[in-house]
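Enquirer: Below are the chains, spelled out letter by letter.
Number of protein chains: 4
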Amino acid sequence: MTKRKIALISTGGTIEKTYDELSGVLANQVSVLDVMLASLELRGVEVQRVALMNKDSLDMSSEDHTLIAQTAAEMAKKHAGVVIVHGTDRLAVSGDRICELGKPASPIVLTGAMRPYELRSTDALQNLTEALLAVQILPAGVYVAMHNQVLQFPGVTKDRSAGTFVKGGA
Amino acid sequence: MTKRKIALISTGGTIEKTYDELSGVLANQVSVLDVMLASLELRGVEVQRVALMNKDSLDMSSEDHTLIAQTAAEMAKKHAGVVIVHGTDRLAVSGDRICELGKPASPIVLTGAMRPYELRSTDALQNLTEALLAVQILPAGVYVAMHNQVLQFPGVTKDRSAGTFVKGGA
Amino acid sequence: MTKRKIALISTGGTIEKTYDELSGVLANQVSVLDVMLASLELRGVEVQRVALMNKDSLDMSSEDHTLIAQTAAEMAKKHAGVVIVHGTDRLAVSGDRICELGKPASPIVLTGAMRPYELRSTDALQNLTEALLAVQILPAGVYVAMHNQVLQFPGVTKDRSAGTFVKGGA
Amino acid sequence: MTKRKIALISTGGTIEKTYDELSGVLANQVSVLDVMLASLELRGVEVQRVALMNKDSLDMSSEDHTLIAQTAAEMAKKHAGVVIVHGTDRLAVSGDRICELGKPASPIVLTGAMRPYELRSTDALQNLTEALLAVQILPAGVYVAMHNQVLQFPGVTKDRSAGTFVKGGA
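Protein chains in written order, with our numbering: chain A, 129 to 298; chain B, 129 to 298; chain C, 129 to 298; chain D, 129 to 298.
Quick caveat, the hints were computed from the structure, so don't treat them as lab data. Among the clues, some could well be false.
Claimed, not checked - Computed footprint of chain D on chain C, listed as stretches where at least three residues anywhere in the stretch have a Cβ under 8 Å from a Cβ of chain D:
# : region
1 : 142-149
2 : 165-179
3 : 194-203
4 : 214-227
Stated by the list, open to error - Using 25 Å as the maximum straight-line C-alpha spacing, the simulated SDA-like pairs for lysine to any residue come out as follows:
#  : chain 1 : residue 1 : chain 2 : residue 2
5  : C       : Lys131    : D       : Gly283
6  : D       : Lys286    : B       : Ser151
7  : C       : Lys286    : D       : Lys133
8  : C       : Lys295    : A       : Lys205
9  : C       : Lys295    : D       : Lys286
10 : D       : Lys286    : B       : Glu149
11 : A       : Lys205    : B       : Ile265
Every residue gets a Cβ at the ideal spot worked out from N, C-alpha and C, and that includes glycine.
Please model the complete structure; the sequences and the hints are all you need to start from.
Expert: Following this line, the structure appears as structure tokens:
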């Protein structure tokens, strides 16, 4: 059984935030993705890590979204799939931007988290697990996989009060 | 967004084993599935729990496998999908038994674990997460979802030395 | 074996901070002390909870410190010991304030944490465990128990660069 | 603040049991004490590890108990204290054996666990934390520190139904 080669593009966001003892805040300083990946049994995919940026998505510029979209589209040509770890606040902006570039060569799955991996109670591992499975099963296209749900772009928005993504909505 | 109604059939196995302080062994006594489900964000599925049996699969009789297969096939008619939590040693026997009943009405996804949920380091949550996502995406059929991989029955076997499932094999 | 009756005064601080998904920050909103206590085997003490305040200690006024000191001294008369959960930044101020009230009737042990209990990697449980043991063994006096160390007031200060308490020092 | 130099003698027992995926049982094969120690903030003690044996205490011979007692008594002369990690079933036998050698030169604190560290819910870290604190505070003597309690030998027995140690008892 050969593993599918996928690209895992990290851009920052809540999922990767770590705690700074001195300041007492959670910030995007060190990627914890490698720790998460090491805690999973990965028999289906071989992951190529692409550490593109490490930003709270609220701090992303339009150029950042374009860079993410272009990188993902490019990676989709050379891999069996692409997973993007992204802050949830602007995840849908990047998702739409990828769609504007046309249908990707392989599935591109965005994911993120409402609660950092560093927390005892977190959705980070669940969401990463789902993205890494979904990217193997879905046809080429742009998706978000999170909270036990796969939604296809375009037309995905974050429902801020529910703390998750929905299809349609405002 | 309406949730898909799926059936979650529990049969026991390593994934559900709990620790008995007095005897110092891990055994199938109490289902920890509800604890696992409560720790996940489930936006895609609405789960109907079916506690069919609670056995180490090495202790399953031929009648047990048939009962599991018939229950799953029946549930598949009334639900958008079925997830079966099963001991890994005989998981493939139940998977093949379901196939013998013909193509199911909706996807049936088996899963299990090599290390009980009760352990600090476990694959139980990863595998349950994967099964609960895969059952929403896959077409009708019989599968195992585990360790970042989906394999379709028939023809799936447990690779005991690797501690996972493979397609083909002996 | 009768358990020692002790008072556990909570005042807030990092140890009790919880994560707010919507704002993405850690704050003192809900006491997680009960969760911590439930996770420990407590055969030596019977705990009476006194939820005095729930503040980051950087926000404590002089009146707050006096209230904490007077409450602790009063509780020490009626109990076999007192444990105070406190933010570390101003923990030493409360410790000194208690000393100014004279030798307490039973041991008073302050503790806190550099990393909230909500974090996967935290010193909160270690420190609470230590305080709940030290309060049974130590003679009457005022102490901080944290990071595998017991120090007696007065003369204790927080070493901010090391993130712990020291005797003497500035 | 100089750290107290203590010896940490490991002998096995439930606290150190690890899970073997292939056989599905918990056994004493690898010491997890180093992992536990690394997860604690140790400002009070400097630990010298003495890996004496790695046995379920039900398998200990009379010679094993004597070896443990003699090693502990010897180590107590050269260190500020000794902590012994021990299976709980025969922990009291080793404790009594140490007492028979006369009053030790420094405090000797035995500890163990009812639930292995490998379990998600375990008393191992609590008990190790308590032993590593108690050994700094107690006068020379032989003790068990576990479950928020310190009891002095001789006269300590395991209460099997309660799953803990008591003074007196049968």
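Enquirer: Taking 8 Å as the C-beta cutoff, is the stated coverage of the region 165-179 of chain C by chain D satisfied by three or more residues?
Expert: That given contact holds, which follows from 7 residues of the region 165-179 of chain C lying within Cβ reach (below 8 Å) of chain D.
Enquirer: Hint check: Lys131(C) vs Gly283(D), CA-CA at most 25 Å. Holds or violated?
Expert: holds (18 Å)
Enquirer: Would you check the hint for Lys295(C) and Lys286(D), treating anything up to 25 Å between C-alpha atoms as holding?
Expert: violated (38 Å)
Enquirer: Given the hinted pair Lys286(D) and Ser151(B), is their alpha-carbon gap at most 25 Å?
Expert: holds (15 Å)
Enquirer: Could you grab the alpha-carbon distance between Lys205(A) and Ile265(B) and see if it respects the 25 Å cut-off?
Expert: OK: Lys205(A) and Ile265(B) at ~23 Å, within 25 Å.
Enquirer: Examine the region 142-149 of chain C: at least three residues should have C-beta closer than 8 Å to a C-beta of chain D.
Expert: Three-residue rule not met by the region 142-149 of chain C, so violated; n is 0.
Enquirer: Taken at face value, is the distance from the CA of Glu149(B) to the CA of Lys286(D) at most 25 Å?
Expert: holds (14 Å)
Enquirer: Taking 8 Å as the C-beta cutoff, is the stated coverage of the region 214-227 of chain C by chain D satisfied by three or more residues?
Expert: The restraint on the region 214-227 of chain C is violated, since only 0 of its residues have a Cβ under 8 Å from chain D and three are required.
Enquirer: Can you confirm whether the C-alpha distance between Lys295(C) and Lys205(A) stays at or below 25 Å?
Expert: violated (62 Å)
Enquirer: Tell me if the straight-line CA distance from Lys286(C) to Lys133(D) falls inside 25 Å.
Expert: holds (23 Å)
Enquirer: Would you check chain D against the region 194-203 of chain C, counting CB to CB pairs closer than 8 Å, and say if three or more residues qualify?
Expert: Since three or more residues must qualify, the claim that chain D covers the region 194-203 of chain C is violated, with 0 doing so at under 8 Å.
Hint violations for this structure: numbers 1, 3, 4, 8 and 9, all remaining hints satisfied.
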